[in-house]
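Starting from two chains that each stand alone, build the complex the way the hints lay out.
These protein sequences, in sequence, are chains A and B.
Per this note's numbering: the first sequence ends with 425, consecutive numbering throughout.
Per this note's numbering: the second sequence ends with 932, consecutive numbering throughout.
Careful, some of the hints might be misleading.
Said to hold, decoys possible - Taking lysine to aspartate or glutamate and the EDC-like style, the derived pairs with C-alpha atoms no more than 20 Å apart in a straight line are:
no.	chain 1	residue 1	chain 2	residue 2
1	A	423	B	925
2	A	411	B	776
3	A	301	B	802
4	A	423	B	924
5	A	411	B	844
6	A	422	B	924
7	A	424	B	923
8	A	422	B	923
9	B	803	A	240
10	A	320	B	925
11	A	301	B	844
12	A	415	B	925
13	A	422	B	925
14	A	301	B	776
15	A	265	B	928
Simulated from the structure, these hints should not be mistaken for lab results.
Nothing here was measured: the structure is a model prediction, and the numbers come from that model.
Residue-level listing of the chains:
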Amino acid sequence: MSFINYAAREINCKLVYYGPGLCGKTTNLQYIYSKVEPSTRGKLISLATETDRTLFFDFLPLELGTIRGFKTRFHLYTVPGQVFYDASRKLILRGADGVIFVADSQIERMESNIDSLENLEANLAQQALQLETIPLVLQYNKRDLPNVVSVEELQSGLNFRSVPWFEACAPKGIGVFETLKALAKQVLIELKKKS
Amino acid sequence: MFGTDLILYEEDERRLTAVLSRLCEESKSRAAFLVDKSGQLLASAGETASLDTTSLASLTAGNIAATGGLAQLLGQKEFSVLFHEGEKDNLHISVVAQRGILVVLFDRRTSLGLVRLRVKRAAEDIGQAFTEMAVRSAQEAGKGQAAFRAQIAQITDEDIEDLFKS
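Next comes chain B alone, as it looks inside the complex (with noise of 0.2 Å):
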């Protein structure tokens, strides 16, 4: 999963987002996201119809960028937590297995703490499942690779052509 292109495959984006509905369940939480820190949403649980969940992985992940580049600044690894709080909702949002950031959204049917309680256990299932996904994509490169190949082997100028079209 973690060499130059990010790969997930169907059965890793079920199992974080089993992830990510236990800790909404547990923590009492609205939503929570996994985003990987160049801005793409990995997965995500709870009430997310309602989102533009793009923008919010987007942002969130430029918001970890700048707040990384203040701890360098300021001679600390990174600010690994962050907190919004705001009128109804709040916003927790942590960097977790250093390449993927967590974000859960909550209101007043819980509380901070909780919140980081849970976030806590599941940033350590996250990381489990990380290190394993590595592990699997690097056994498994030639396999899952060889598929995709086929499929963007066949990608034409004309099918590139095509998608400007309209």
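Just chain A, same shape as in the assembly (with noise of 0.2 Å):
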């Protein structure tokens, strides 16, 4: 549910991580948050556990600049992705606007990205929001580690909307950018459609 504040013509949108535990999602954040502009970026705030995983959500402000004299801004959120957090996820994913659903290429992670983008589908239905229609982009991370799965039998296993989907390495920035772009450039176009 995008926020539109004439009163500070700001245009404000919710984005999501999800994906299965270890996938990534938090080191996107990491990412995103030590290479853009310090005066375009609000904290970074994590809640996690003692040995860092997330326990509820990480949050990043983002402000992207102007368009047509709408600040535009992005609240980034991740979820918990263990699977005994589900209550926690579920809350997470109210309002949003778009999701980036990160998946781990790993091959003995496939069966646990499957489990995840399920349970996504799950409980955006609680959230009267759809799979099939919300906003979505697939990361496939770690696409530099060596035992990983092609990019065919990912799209075969998670993309069946054909959606907008980037191989990344997400310590190293690659795709994270790419990913992130593609969500928001989604979300605005929805906003115009709605609108």
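In structure tokens:
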């Protein structure tokens, strides 16, 4: 749900990084935080356990610039990927304008990717949102590792909507901004369609 | 105001800010914020200059969402009031008019009792403002959205590309 503030002339959108545990959602946000101008971002808030596993969410507000007189601000959230934090994941999807699904390319994580995508579908439905229609981008992360499945397999297993997808290596920043840009674009186009 | 997207017009913001200013004054609180349940800051008043209001809004919404989840587990509709006590400053957080979250930051200059009392009245004012905004928004939807549509319809792929140049 976008928030258009005429008083401040701002468009605010909420983007959520979703995916299985340890797929690199938080790493995406950390890379973005480290690379954008400090004046265009707020604090990176991570509600994590002592072992740096996301407990509730990470949050990064980002100002991308002005479009037609409106400041565009994106609130980036990650969900906790571990299966047992499902209640928290549901809450974070509330009011989401778009989702980046981060898949772990390693062979042994393929099943977790599919489970997480199914979980996304179920949790979106509880917020009256649909996986078939919400702005969505896929990121195939960890492409630098040796034991990865092919892009074709990832595509056939996860990308049933044929949405934009990107290969990535989040700690090095490969594919990180491309993924964010693709979703931001979809969300703004969606906003244009709805208005 | 309360369709799928949330649209806040200048007069709405002025009205909500006035309610928050009065709340700060009457309850002798440091600051007051109105946040949407999805974590967007709608309006604020008081000593806000030194505060990271964006983070505050996001964390407050997360807090309310988590507490709401707890309430459901226990068969409650919601826990509508949260109180956090600090060494110097305290936070009073309450759900207002179902979708708003009213956050009051206060210190020793006042008491929890006074804050609660004033919050109750402010919540009524905010509820009334929300209702009127929703009615007006429905009536003026065409007008407001037409103006916005004209602006947003001009967005090109190039505009979006430009956002990511730096």
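For each hint, the structure was consulted:
For the proposed pair residue 423 of chain A and residue 925 of chain B, the alpha carbon gap of about 16 Å is at most 20 Å, so the pair holds. Simply put, residue 411 of chain A and residue 776 of chain B have alpha-carbon atoms about 30 Å apart, too far for the 20 Å limit, and the pair is violated. Distance restraint check for residue 301 of chain A and residue 802 of chain B: the Cα-Cα separation of roughly 19 Å lies within the 20 Å cut-off, and the hinted pair is therefore satisfied. The suggested pairing of residue 423 of chain A with residue 924 of chain B holds, with an alpha-carbon distance near 17 Å, which does not exceed 20 Å.
Our distance criterion of 20 Å between C-alpha atoms is broken by residue 411 of chain A and residue 844 of chain B, whose separation comes to about 37 Å. Between the alpha carbons of residue 422 of chain A and residue 924 of chain B the distance comes to roughly 15 Å, so the proposed pair stays at or under 20 Å and holds. Restraint check for residue 424 of chain A and residue 923 of chain B: the C-alpha separation of about 17 Å stays at or below 20 Å, so the hint holds. Among the hinted pairs, residue 422 of chain A with residue 923 of chain B is consistent with the structure: their alpha-carbon atoms are about 12 Å apart, no more than 20 Å.
Our distance criterion of 20 Å between C-alpha atoms is met by residue 803 of chain B and residue 240 of chain A, whose separation comes to about 18 Å. A threshold of 20 Å between alpha carbons decides the hint, and for residue 320 of chain A with residue 925 of chain B the separation of about 33 Å lies outside it, so the pair is violated. Restraint check: the Cα-Cα separation between residue 301 of chain A and residue 844 of chain B comes to about 34 Å, which exceeds 20 Å; the hinted pair is violated. The straight-line distance between the Cα atoms of residue 415 of chain A and residue 925 of chain B is roughly 10 Å, inside the 20 Å bound, and the hint therefore holds.
For the hint pairing residue 422 of chain A with residue 925 of chain B, the CA-to-CA distance comes to about 13 Å; that is within 20 Å, so the pair holds. Taking the CA atoms of residue 301 of chain A and residue 776 of chain B, the gap is about 15 Å. The hint holds against a cut of 20 Å. A C-alpha spacing of about 17 Å is found between residue 265 of chain A and residue 928 of chain B, which places the hinted pair at or below 20 Å, so the restraint holds.
Taken one by one, the earlier hints fail for this structure at numbers 2, 5, 10, 11, listed in ascending order.
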